[in-house]
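Residue numbers (UniProt numbering), protein chains in the order written: chain P, 1 to 123; chain U, 1 to 259.
Source of the hints: derived by calculation from the structure; they are not laboratory data. Among the clues, some could well be false.
[As the list claims (entries may be wrong)] Derived SDA-like pairs (lysine to any residue); straight-line CA-CA distance at most 20 Å: (1) U:Lys97 with U:Gln159; (2) U:Lys185 with P:Ile5; (3) U:Lys154 with U:Gln166; (4) U:Lys185 with P:Ser57.
These numbers come from a predicted model, not from an experiment.
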Amino acid sequence: MPYKIVGDGIPQSLTGAPGDAARGRALVLARTTTCILCHSGPFPETRFQGDLAPDLSGAGNRWSVSQLRLRLVDAARFNPETIMPSYYRNDGLVRVGRNFAGKPILSAAEIEDIVASLATLRD
Amino acid sequence: MIFWRAIAAAMLLVTGPALLAGEIPPDARRSGYSFMGPDTRAMQDDDTSNPGMLFVLDGEALWGKKMGDAGKACADCHGDAATSMKGVAARYPAFDKALARPVTLDQRINLCRANHQQVTPLPYESRDLLALSAYVAHQSRGVAITAGDDPQLKPFVDQGRDLFMQREGQLNLACTNCHDDNFDKRLAGAPITQAQPTGYPLYRLEWQTLGSIERRLRSCMSGVRAQAYDYGSPELVALELYLMSRARGLPMETPAVRP
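Whole structure, please, built from the sequences with the hints as guidance.
The structure is reproduced here in structure tokens:
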């Protein structure tokens with residue numbers, strides 16, 4: 001799962017293809033993806049949202065696609081103390097549960113879909 | 001919670017190494033009760049509506065029941081629990097000299113069964129073990145927690161603290177990230193508490209039954225997609241001990257109710 005960081009982002013799609021924003025929105029709202037545990041956002045259909053993290057409204061204004069991609073792949077690069085998980089990391093973790101060991105939280109395609117969806121969140 | 005960190009750091013200078021940076025100072029410690037809505041509080045407060053009291057009553061019956069080759073009941077050695085067991089749970093996990101390590105109340109109950117009643121141990125989370133420990137801990141309702149004061153426990157408290165601070169699991173989160181740094185915030189709508197161990201064993205509405213603190217710790221570990229430690233493992237005992245020492249001064253609530 002190699003990727004190339006340029007500046008403060010990852011300019012190239014992890015899959016080589018653009019993501020699907022509609023699928024990405026559904027993923028952001030799925031509890032198993034975990035975003036909505038911490039974040040809230042412009043998602044009126046979802047009642048239970050978190051407030052441990054910034055509201056995702058306007059994320060597409062604040063960040064480029066390249067920056068959003070690196071944020072999802074490895075948020076710790078922006079802030080080593082962050083509680084936001086590194087969604088594309090699969091090593092160097094402690095006591096990972098048997099069903100999750102050796103796997104990143106999200107696949108490359110899921111990350112691309114979410115990035116495409118975040119890019120549409122404009123104020 | 002930069003604010004708390006500042007206070008904790010200031011206290012560190014004044015009172016010495018009792019409180020590490022990021023830890024919750026004594027006057028800011030709050031039971032999970034204070035994070036609940038009025039309905040759940042009312043359920044805990046009224047013994048006739050608190051479902052945990054059914055387990056306490058079962059425990060009272062078991063307390064007086066003769067069993068095993070020795071034909072002895074708990075009451076034969078300990079008498080009236082209202083006096084002999086008052087304050088005991090507020091001191092557990094406690095250091096056991098023979099084993100040279102801390103034991104939990106559940107483990108103490110099973111040690112009494114093995115050594116004094118000659119009966120087989122009760123499995124973790126079995127109804128009888130929960131009932132007995134609820135009955136014993138209920139005798140400490142309102143008593144301030146002092147567990148961890150015994151200096152022999154220090155290395156085990158430290159081990160528990162290290163585990164609490166350790167990031168783990170696929171989500172790479174530590175207990176402290178939620179329970180020291182983010183209590184009062186909401187995780188997908190559910191309030192994050194300070195992880196105070198004051199109410200165990202307690203009735204959790206989500207479980208629809210009574211459960212031990214070890215069950216609760218294991219579910220937080222599964223939540224961050226970590227491999228949960230086994231029931232009775234030294235790690236869970238150390239975590240429970242650390243949480244109890246971290247709750248010093250808070251009153252016991254057993255049997256509490258939680259969402």
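Go through the numbered hints given earlier and state which of them the structure violates, listing their numbers in rising order. 2
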